[in-house]
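Asker: Chains as they are written, first to last, in the numbering used here: chain A, 1 to 644; chain B, 1 to 254; chain C, 1 to 154; chain D, 1 to 208.
A portion of the hints provided could be inaccurate.
Stated by the list, open to error - Cβ-to-Cβ under 10 Å is the rule here; a few derived chain D residues that face chain A: (1) N19; (2) A51; (3) I76; (4) F79; (5) V80; (6) R101; (7) I105; (8) L108; (9) L112; (10) F123; (11) T137.
Stated by the list, open to error - Cross-link-like lysine-lysine pairs, in silico, BS3-like; alpha carbons within 30 Å at most: (12) C:K73 - C:K121; (13) B:K84 - A:K559; (14) C:K73 - D:K176; (15) A:K559 - A:K369; (16) C:K73 - D:K100; (17) C:K121 - D:K176; (18) C:K121 - D:K100; (19) A:K550 - A:K369; (20) A:K369 - A:K444; (21) D:K100 - D:K176; (22) B:K84 - A:K550.
Hints in this document: simulated from the structure, not taken from any laboratory. Beta carbons are placed, not taken as given, at the ideal position from N, Cα and C, and that holds for glycine.
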Amino acid sequence: MSGAVIGQQRPTIGEALRRIRLEAATYHGVWSWIATVDHKRIGLMYGATAFVFFLVGGVEALIIRLQLARPDASLVDPDQFNRLFTMHGTTMVFLVVMPLSAAFFNLLVPLMIGARDVAFPRLNAFSYWVFLTGGLFMTASFFTGNPAGAFFEGHLGAPDGGWFGYAPLTSTQFSQGTGIDFWAFGLLILGVSSMAGGFNFIVTIINMRAPGMTLFRMPVFVWMTLATSFLIIFAMPIITVALFQLLFDRLFGGVFFSVADGGTPLLWQHMFWLFGHPEVYILILPAMGIVSEILPTFSRKPLFGYPFVVFSGLAIAFMSWGVWAHHMYTTGLGTTANAAFGVATILISVPTGIKIFNWLGTMWGGSIKINTPLLFSVGFIAMFTIGGLTGVMHSMVPSDYQQQDTYFVVAHFHQVLVGGALFGLFGGIYYWFPKFSGRLLNEKWGQLHFWTMFVGFNLTFQPMMILGLLGMPRRISSYSDGLGWGFWNMMATAGAFLIAFSVVAFIVNVVVSMRSRERVGGDPWDGRTLEWAIPSPPPAYNFATIPTVKALDDFWNTKYVENEAGIPVPVVADGANGDDEEDAGHGIHLPSPSVLPLIAALGPVFIATGFIYHGNPWLLPLIPVGAVTTLVGLYGWALEPVTE
Amino acid sequence: MNARRVRTLTGVALAVALATLLAGCGAFGGDQNTFNPGGDVAERQRDLFLLGLWPAIVILMGVLTAVVYIVVRFRRREGDEMPKQVHGNNRLEIAWTIAPLFLLAFIAVPTVDGIIDLGRAADDDALHVRVVAFQWDWRFQYLDAEYADADGNPLTVPDLYIPVDRQIGVELQAGLNAAATDVIHSFWVPKLAGKQDVMPGRTNRMWFNATEAGVYSGQCAEFCGIGHAVMKFTVTAVEPAEFESWAEEQLAGQ
Amino acid sequence: MELAALVLATGVKAFFQSPAYVIGVPLVAVGGLALMLALTPFELRWPAPIRESDLPVLDDPPEGHPDASEYVKVGVFLAVVTAVEVALYYLDLAEGALLGLLLALSALKFILVVMWFMHLKFDNRLFSTMFTGGMILVLALFTIVLATLGSSLV
Amino acid sequence: MQHAPTIDPGHETSTGIDNRKLLMWLFLASEVLFFGGLIGTYLLYRNSSVAPPCPTDCVFDGVTYQGLFDIPFTSISAFVLLMSSVTMVLALAAIQRNNKRGLGIWLLATALLGMTFLAGQAFEFTEFYHEGLTLNTNLFGTTFFVLTGFHGAHVSVGVLLLVSMFIVSQRNDWTKEHSLNVELLGLYWHFVDIVWIVIFTLVYLIQT
């Protein structure tokens with residue numbers, strides 16, 4: 001007999017959980033979000049949360065820009081400045097671009113490969129909740145532990161070591177307070193989230209494809225998700241080791257990075273960039289995937305050179321493992337290492353170039369509908385080209401001795417991460433917004449958003465290139481007059497506020513569009529991939545019947561056939577419209593909602609807090625509390641029925 | 001949005017971007033302008049940068065022109081037919097895989113050449129200087145025997161003086177004395193040479209020279225804490241004779 | 001009890017400074033787990049209940065898996081290899097030879113466990129690809145890191 | 001996470017591989033990088049300590065300090081863990097033949113061997129502690145305790161899972177349908193074992 005009843009409260013907790021599951025399964029009310037395991041809802045929550053963190057990181061950026069707008073400014077003191085730029089970098093990389101990409105993976109991958117959900121829906125919910133708690137934990141560091149004074153006296157407690165936290169600046173000797181501890185634990189927690197997501201999407205893509213969806217019939221975005229996920233699961237463990245080492249040094253007196261004990265700070269740099277360079281491609285590959293979806297749709301042409309775009313993406317992912325030391329040219333690695341990594345860096349521009357040429361080839365000869373998603377994609381190509389070319393210039397090692405750690409580098413990676421990743425992601429938001437809301441985003445506001453952002457972006461970051469060449473080092477909290485930097489900095493600050501304005505335009509756009517009564521059907525853009533074959537917003541079960549895929553761009557092929565001249569002709573029998581499938585999904589078994597992933601996700605934050613404040617007898621017990629919380633969550637998760 | 005507006009706006013944006021870039025290169029003001037070198041190393045680094053910059057600008061202009069041209073020419077007009085479905089072209093793919101390799105080889109050769117050249121040890125007859133970086137200031141020690149005082153301590157000054165047209169061989173030390181630990185700093189005099197990190201626990205070396213007399217400003221380039229922005233120093237390059245008398249004067253005062 | 005007293009009395013730092021106890025934590029956790037499972041609010045079904053029956057014990061292993069006796073043979077061989085390793089350690093061999101032999105033997109053990117116990121010999125090639133991919137990656141990366149940092153062992 | 005429930009895809013998986021098994025292998029591939037980082041750090045810092053004690057005999061300021069490693073003892077530990085892999089795989093063989101009782105016995109045996117290994121490690125750590133080696137004594141202490149400590153933590157998690165699986169399997173009717181659970185736990189357990197094979201050779205036996 002399975003499970004004899006032990007104790008009287010047992011049915012009560014079980015019953016309460018069951019009631020939550022049943023209530024959540026109705027897709028109404030707050031529990032249906034908290035307990036959801038639906039990839040679409042998790043994707044939306046990922047996106048919304050990341051956007052909030054984007055605003056936080058943006059405000060940090062604006063304060064930084066205000067401080068630097070004029071020489072000798074004192075809006076913030078150097079200590080506050082250091083904490084602000086550290087959190088700006090950390091937030092934008094780990095709490096904005098990565099989770100925004102994760103939002104798109106969640107929303108799109110199952111739909112694009114014809115699956116009802118990801119392979120492990122609860123693990124997916126767990127990823128999200130760990131991301132949320134980890135992000136809040138990291139941000140909460142502002143309010144804690146600056147040895148100089150309290151938050152309300154103007155002393156921020158956030159980490160102050162820069163986003164790559166070079167040892168030994170992060171040691172207790174040089175960074176008192178708890179900022180770095182929050183940073184390291186925060187990254188560890190966020191790493192759990194990313195890795196869980198990475199595993200999940202690899203299994204989903206390898207195993208959950210609809211019949212006939214061979215690897216080379218997958219949309220490029222799915223390919224890029226696969227590449228990104230592999231980078232995540234191989235890169236994250238390395239930074240995990242480094243962060244543990246840092247924490248052992250800080251909390252328990254270890255000597256990993258202690259020079260006096262024979263340790264070498266360069267180990268940290270190696271470990272960080274072994275992770276950090278693949279991370280750069282973790283940030284950019286999803287955006288490349290998005291652009292590869294948008295351009296064909298609005299050009300009404302298939303992606304030019306599909307296998308080459310796929311393989312160049314995989315080549316980039318592979319080569320990203322061989323270039324990490326180009327962040328370390330000036331650390332004295334030696335001639336051989338500098339030459340080898342310099343040449344490897346030069347070579348990685350080849351697959352990147354292939355992508356750009358293929359995107360141009362896609363648009364060439366097409367019938368290009370100029371609207372916001374397309375503009376963002378075209379903006380992506382233009383801005384990313386600048387990012388790529390400046391990257392090649394960094395690979396010229398001797399001249400990089402001049403540019404290393406200057407604003408030229410700052411300009412370069414913002415060119416890649418804002419002009420590249422963020423433009424691509426915004427394009428994706430405009431493109432797939434109707435799929436998940438049933439409404440188009442307003443085109444006028446959208447164009448305002450794009451053009452202000454485009455101009456603001458160039459106004460902000462191109463002057464930074466000049467600043468770098470004029471010898472302005474990065475991460476300085478102020479500079480004196482007479483170096484010729486004032487004008488360019490003022491320009492950059494003006495640009496930053498223009499970007500801020502564009503983000504406001506975007507928010508207004510979302511609000512205005514959500515209030516609009518107009519609805520769109522399943523396929524507003526005449527799309528090519530499977531997600532457009534189903535209604536907008538998609539039903540919980542995605543596909544009433546799992547499609548059988550016969551070709552690349554399968555949905556397009558159900559709508560059009562090519563005549564002898566290669567011109568598409570509409571298929572006469574128009575049975576493929578997704579709207580026909582409504583109310584067809586009765587009797588499909590979906591996994592039950594569950595709050596247990598959320599409970600399991602609460603533990604790590606407790607444990608981390610307990611360790612950071614281990615000298616405090618009231619907070620120390622948080623370690624066992626957190627451990628038990630996570631264990632209860634995981635065991636309940638393992639024992640709870642999957643469906644009912 | 002009509003095509004004309006797209007074209008105008010894109011054109012304006014590009015013009016602004018290009019004008020800014022060119023203006024920046026043209027404005028040779030500023031004490032730390034890497035485009036206005038005062039020594040051979042910095043000049044070589046600028047020349048290499050320019051060697052990469054011009055092809056980059058040409059490629060960028062090519063891509064931008066292509067983007068704008070394509071978007072304008074192939075924009076969807078009312079009553080457009082469906083375009084021909086082109087899936088790819090293998091010859092083109094091979095071409096644009098191979099072509100960049102030539103261009104990259106063109107910059108790879110001087111790159112490796114430069115790495116080897118700048119990476120070699122300083123000449124024996126160079127002026128040997130130890131740069132000491134610590135939170136948040138600098139000291140410069142003249143290691144050659146003739147600049148030691150009676151006790152054998154090297155001449156130590158807070159700002160560097162060097163003779164023009166003589167190679168300066170630098171070794172970099174973090175922390176006031178070798179046993180004390182400090183964070184990572186980076187020694188950088190933009191007009192004289194690119195930077196080299198000052199790593200605690202190991203000694204990095206570099207060399208440079210000044211071909212023109214003058215005062216060059218330098219600054220820590222690796223984030224090193226609260227005082228990072230004010231961790232500055234100057235390098236004064238003077239005629240050799242003047243340098244010798246300066247050194248004597250300093251030694252007498254030490 | 002002693003462990004708990006140590007944690008509460010001196011804080012985690014002192015606890016970790018005596019690292020012998022690091023390993024004790026999970027042991028305590030095992031006890032805690034037994035307690036938790038005993039009091040669990042969930043039915044202990046994992047992953048799904050199936051019919052109750054007295055299925056006969058089968059004679060043959062499932063397809064693609066070796067027989068139990070094969071596992072035992074591999075186990076015995078592994079034990080022998082370990083013994084050889086330790087014996088080698090006590091022999092006065094040239095340093096290079098010892099290094100080579102020990103590395104080869106441990107690689108042999110590694111491969112045996114992976115091939116037989118983890119079934120990579122019989123299982124889908126995807127698994128081998130991913131696992132060896134990770135191995136090659138980490139070997140390559142850290143060889144380079146150690147080389148650039150001038151470590152003695154590479 | 002090996003028991004994470006998986007959604008029914010409505011058809012066989014695209015590759016015919018079970019989702020959970022794929023997940024486990026991906027997890028192990030990722031763990032390779034984790035332990036690679038820890039072992040790499042140990043190798044980098046071997047012989048870099050600036051103070052005693054050391055793994056083998058060493059000299060500081062003219063004084064010779066005796067090495068800490070006790071090879072016969074560690075060999076027995078390593079042997080115990082290796083044999084636990086054999087019992088683990090026998091547990092799998094048992095349940096694959098519907099032998100629930102055999103499964104229970106071998107699971108328990110594996111857990112006991114694992115705990116013996118942990119006890120040995122605790123003893124070793126205590127010994128080293130009494131010899132004056134802590135996390136902050138020198139680079140050897142830091143790298144050694146963190147590397148073997150993380151391995152020990154993995155063994156502990158394995159023991160936890162073995163005990164859980166023992167309880168659940170014995171309170172339910174496990175048959176060969178459930179063998180995947182055992183196989184997955186086995187993969188994890190064997191992985192922890194091969195990590196120790198590497199550590200045993202690189203850390204204990206090879207000393208340059």
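Asker: All hints, please: hold or fail.
Answerer: Comparing the hints with the structure gives:
| no. | hint | result |
| --- | --- | --- |
| 1 | N19 | 5 Å, holds |
| 2 | A51 | 8 Å, holds |
| 3 | I76 | 28 Å, violated |
| 4 | F79 | 28 Å, violated |
| 5 | V80 | 27 Å, violated |
| 6 | R101 | 17 Å, violated |
| 7 | I105 | 21 Å, violated |
| 8 | L108 | 19 Å, violated |
| 9 | L112 | 22 Å, violated |
| 10 | F123 | 21 Å, violated |
| 11 | T137 | 8 Å, holds |
| 12 | C:K73 - C:K121 | 16 Å, holds |
| 13 | B:K84 - A:K559 | 16 Å, holds |
| 14 | C:K73 - D:K176 | 23 Å, holds |
| 15 | A:K559 - A:K369 | 19 Å, holds |
| 16 | C:K73 - D:K100 | 23 Å, holds |
| 17 | C:K121 - D:K176 | 21 Å, holds |
| 18 | C:K121 - D:K100 | 26 Å, holds |
| 19 | A:K550 - A:K369 | 27 Å, holds |
| 20 | A:K369 - A:K444 | 15 Å, holds |
| 21 | D:K100 - D:K176 | 9 Å, holds |
| 22 | B:K84 - A:K550 | 21 Å, holds |
This entry does not satisfy hints 3, 4, 5, 6, 7, 8, 9, 10, going by the numbered hints stated previously.
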